[in-house]
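S.K.: Given the structure of chain R, go ahead and fit chain L onto it with the hints provided.
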Amino acid sequence: MAAFMEDALVEARRARDAGEVPVGCVFVHNDKVIARGGNEVNVHRNATRHAEFICIDATLAYCREKRLPARQVFSEISVVVTVEPCIMCSAALHTLAVKEIIYGCENDRFGGKTVIDVAAVVGQRINITGGVRSEEAMALLKEFYKGDNPAAPPVAKKKK
Amino acid sequence: MDNNGSTDILSPPAAKKVKTQPPDDSLDIKAVLSDEYKKDITLIQVHSSQVETKQQLQAVIQELAQKLPHFQHLKRVHDRSVLICPTADIKDTLEQHLKLHKISDNVLEALCRNVHVVQVPASCARLRVQYEQMIKYWPCKFHPDKYAESLHNGSNFTASQRAFHKRMAQLLRSLSLDVNGGQPVGICVDPRNPSIVAIAAGGSSGSSHQHCAMWLVDHVARSQRGGAWQTQLQFVEDEPSTTSTLRGLPRLYYDYLQQQEACQDLQFGAELPRRGEQPSAVDQQADNLSKYGPYLCTGYDVYLLREPCLMCAMALVHSRVKRIFFLEQSDDGALATSFQLHSVKELNHHYEVFQFTT
Numbered sequence: 001m002a003a004f005m006e007d008a009l010v011e012a013r014r015a016r017d018a019g020e021v022p023v024g025c026v027f028v029h030n031d032k033v034i035a036r037g038g039n040e041v042n043v044h045r046n047a048t049r050h051a052e053f054i055c056i057d058a059t060l061a062y063c064r065e066k067r068l069p070a071r072q073v074f075s076e077i078s079v080v081v082t083v084e085p086c087i088m089c090s091a092a093l094h095t096l097a098v099k100e101i102i103y104g105c106e107n108d109r110f111g112g113k114t115v116i117d118v119a120a121v122v123g124q125r126i127n128i129t130g131g132v133r134s135e136e137a138m139a140l141l142k143e144f145y146k147g148d149n150p151a152a153p154p155v156a157k158k159k160k
Numbered sequence: 001m002d003n004n005g006s007t008d009i010l011s012p013p014a015a016k017k018v019k020t021q022p023p024d025d026s027l028d029i030k031a032v033l034s035d036e037y038k039k040d041i042t043l044i045q046v047h048s049s050q051v052e053t054k055q056q057l058q059a060v061i062q063e064l065a066q067k068l069p070h071f072q073h074l075k076r077v078h079d080r081s082v083l084i085c086p087t088a089d090i091k092d093t094l095e096q097h098l099k100l101h102k103i104s105d106n107v108l109e110a111l112c113r114n115v116h117v118v119q120v121p122a123s124c125a126r127l128r129v130q131y132e133q134m135i136k137y138w139p140c141k142f143h144p145d146k147y148a149e150s151l152h153n154g155s156n157f158t159a160s161q162r163a164f165h166k167r168m169a170q171l172l173r174s175l176s177l178d179v180n181g182g183q184p185v186g187i188c189v190d191p192r193n194p195s196i197v198a199i200a201a202g203g204s205s206g207s208s209h210q211h212c213a214m215w216l217v218d219h220v221a222r223s224q225r226g227g228a229w230q231t232q233l234q235f236v237e238d239e240p241s242t243t244s245t246l247r248g249l250p251r252l253y254y255d256y257l258q259q260q261e262a263c264q265d266l267q268f269g270a271e272l273p274r275r276g277e278q279p280s281a282v283d284q285q286a287d288n289l290s291k292y293g294p295y296l297c298t299g300y301d302v303y304l305l306r307e308p309c310l311m312c313a314m315a316l317v318h319s320r321v322k323r324i325f326f327l328e329q330s331d332d333g334a335l336a337t338s339f340q341l342h343s344v345k346e347l348n349h350h351y352e353v354f355q356f357t358t
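Just so you know, the protein sequences line up as chains R and L, in that order. Here the first sequence stands for residues 1 to 160, where the numbers follow our numbering. Here the second sequence stands for residues 1 to 358, where the numbers follow our numbering.
Calculated from the structure, these hints are not laboratory results. This one's a predicted model, so the numbers in the text were calculated from it and none came from an experiment. Quick reminder that beta carbons are idealized off the backbone N, C-alpha and C, glycines included. Possibly wrong hints are sitting among the right ones.
[To be verified] Keeping only pairs whose Cα atoms sit at most 27 Å apart, straight-line, the calculated DSSO-like set for lysine-lysine is:
#1 L/K102 - L/K39
#2 L/K75 - R/K113
#3 L/K146 - R/K146
#4 L/K75 - L/K38
#5 L/K291 - L/K146
#6 L/K91 - L/K102
#7 L/K141 - L/K54
#8 R/K146 - L/K291
#9 R/K142 - L/K39
#10 L/K75 - L/K54
#11 R/K113 - L/K322
#12 L/K38 - L/K345
#13 L/K166 - L/K322
#14 L/K141 - L/K291
#15 L/K345 - L/K30
[What the hints assert, rightly or not] Sample of chain R residues at the chain L side, in silico, Cβ under 10 Å:
#16 H44
#17 T48
#18 V73
#19 C86
#20 I87
#21 M88
#22 D108
#23 R125
For reference, chain R alone in the conformation it holds in the complex (with noise of 0.2 Å):
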């Protein structure tokens, strides 16, 4: 399943290329990539449109294509993201209750197993297994940092 992180990778790149913070994602079913992204967060001024989120809309598009049974399909779903998903992502994974998260490097900001523990809070347990390629995805978000956020406006400096 590692192997798909270079498809992820790959949906990096292209956020990256879009101006975008630098996570991609592919949801994997049956050995087959069903839903693939990258983040979206600037082009739709929407902070939620992570990478996981693009995926979980074409899974639920790919569905009702397929007219296939969406909680099962999700069930059967290993997603591969190049950075630990965020507590929001997180969340919602876990209420899809997905098979598996594979991530590259950690999210020691807003992760959803560094920083608080998502499947105690919503309750249910799934696999994930950090740290697949995580150099490579770590320097794409380095690389991004270094530059601003084009759409950001600038931090506020810290009082005291």
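M.R.: The following block gives chain L in isolation, referenced to the frame of chain R:
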């Protein structure tokens, strides 16, 4: 699934003649503060020792401050009794523990002569009510925080602000019942005017990922010429020369509110996103919304019928919402019921949370 596209809500609601609603005095607004502001204090057991002479006491205090620096929130000495360390820290005996931390022989002797166990507050006082409880156990330090006190006692809102928040709560109820079949609704408000920026509804939580709060941030995005989700809802269109935008407002809800007599004085619309890079010439105290114009939900308040789940609560963190007000607790609510996301210090943004109570 969401019912945003279902046909029954697309048919216009029966026009209702609503008389001017009296302010709902049965509603109150309570800040949902993190656990460190809880009224009940936590106590821990601590080894304490009565030291005999003043000279001994001085030496003891000096060494303890260096080698066992516990209890920053407490006075270390009270009536010649000195706090040594939590009983939970001791593995074998107190004497061995002190030796392990290289306490000198004479201080060790002075400390071990008259040891007893006391209960003291486990953490520092954030609010005066906590402080007053704590000093019954042991003298402690306290730095009053005026703003935290005002959140605690409700004096943070003026009477007119409070009245506006309650109106929004009533609006949530009537929008849900009259236009949305009792399903969750959310309202996003620019508190500067105040003006309604966006309204959204969603299916019951757990039905998919398209919850009410997720729709709401997407409708706010529409007011900034963004938005990702397809919906069959029609949105209000702007006049060409407008200086604010109604694009975050579905026609259905906007028309409903326009028909309500009680809502005639409500303002609608969002500031348009600014093009220029330069912040407008406002004073330094102004928030980022005033300085830079709309960006995601920066500076906006969000009113929700139901307490948001963890996914939605984090979506509102990402969206940089200023304050969340909710009316009903949810079993999977992540602001009060199953979790308190806004009290997680590691996050890069923190909103304030208020609950309407009856």
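S.K.: Give a verdict on every hint.
M.R.: Cross-check of the supplied hints:
Distance check on the hinted pair: L/K102 and L/K39 sit about 38 Å apart at the alpha-carbon level, beyond 27 Å; violated. For the suggested pair L/K75 and R/K113, the alpha carbons sit about 38 Å apart, so the restraint of at most 27 Å is broken. For the hint pairing L/K146 with R/K146, the CA-to-CA distance comes to about 39 Å; that exceeds 27 Å, so the pair is violated. The suggested pairing of L/K75 with L/K38 holds, with an alpha-carbon distance near 22 Å, which does not exceed 27 Å.
Taking the CA atoms of L/K291 and L/K146, the gap is about 26 Å. The hint holds against a cut of 27 Å. A C-alpha spacing of about 16 Å is found between L/K91 and L/K102, which places the hinted pair at or below 27 Å, so the restraint holds. For a cut-off of 27 Å, the pair hint linking L/K141 to L/K54 stands: about 23 Å separates their Cα positions. Among the hinted pairs, R/K146 with L/K291 is consistent with the structure: their alpha-carbon atoms are about 24 Å apart, no more than 27 Å.
Between R/K142 and L/K39, the direct Cα distance comes to roughly 43 Å. Violation of the 27 Å bound is thereby established for this hinted pair. Under the criterion of a C-alpha separation no larger than 27 Å, the hint pairing L/K75 with L/K54 is consistent with the structure, at around 16 Å. Annotation: proposed proximity of R/K113 to L/K322 holds, straight-line Cα distance about 25 Å (limit 27 Å). Proposed proximity of L/K38 and L/K345 is supported: the alpha carbons are some 17 Å apart, at most 27 Å.
Distance check on the hinted pair: L/K166 and L/K322 sit about 17 Å apart at the alpha-carbon level, within 27 Å; holds. Straight-line distance between C-alpha atoms of L/K141 and L/K291 comes to about 38 Å, which puts the hinted pair past the 27 Å bound. The suggested pairing of L/K345 with L/K30 holds, with an alpha-carbon distance near 21 Å, which does not exceed 27 Å. Look at R/H44: its Cβ gets to within about 4 Å of chain L, closer than 10 Å, so that hint holds up.
Restraint check, R/T48 versus chain L: the minimum CB separation of about 5 Å is within 10 Å; hint holds. Given hint, R/V73 at the interface with chain L, is violated; its Cβ is 13 Å from that chain's nearest Cβ, farther than 10 Å. For the restraint placing R/C86 at the interface with chain L, the shortest Cβ-Cβ distance is roughly 7 Å, inside the 10 Å limit, so the hint holds. Hint status for R/I87 relative to chain L: holds, with the closest Cβ pair at about 4 Å, below 10 Å.
Because the closest C-beta pair between R/M88 and chain L is about 4 Å apart, less than 10 Å, the hint holds. For the restraint placing R/D108 at the interface with chain L, the shortest Cβ-Cβ distance is roughly 8 Å, inside the 10 Å limit, so the hint holds. With 10 Å as the threshold, the beta carbon of R/R125 stays out of range of chain L, its nearest partner Cβ sitting at about 15 Å, so the hint is violated.
In the structure shown, a violation is registered for the earlier hints numbered 1, 2, 3, 9, 14, 18 and 23, in ascending order.
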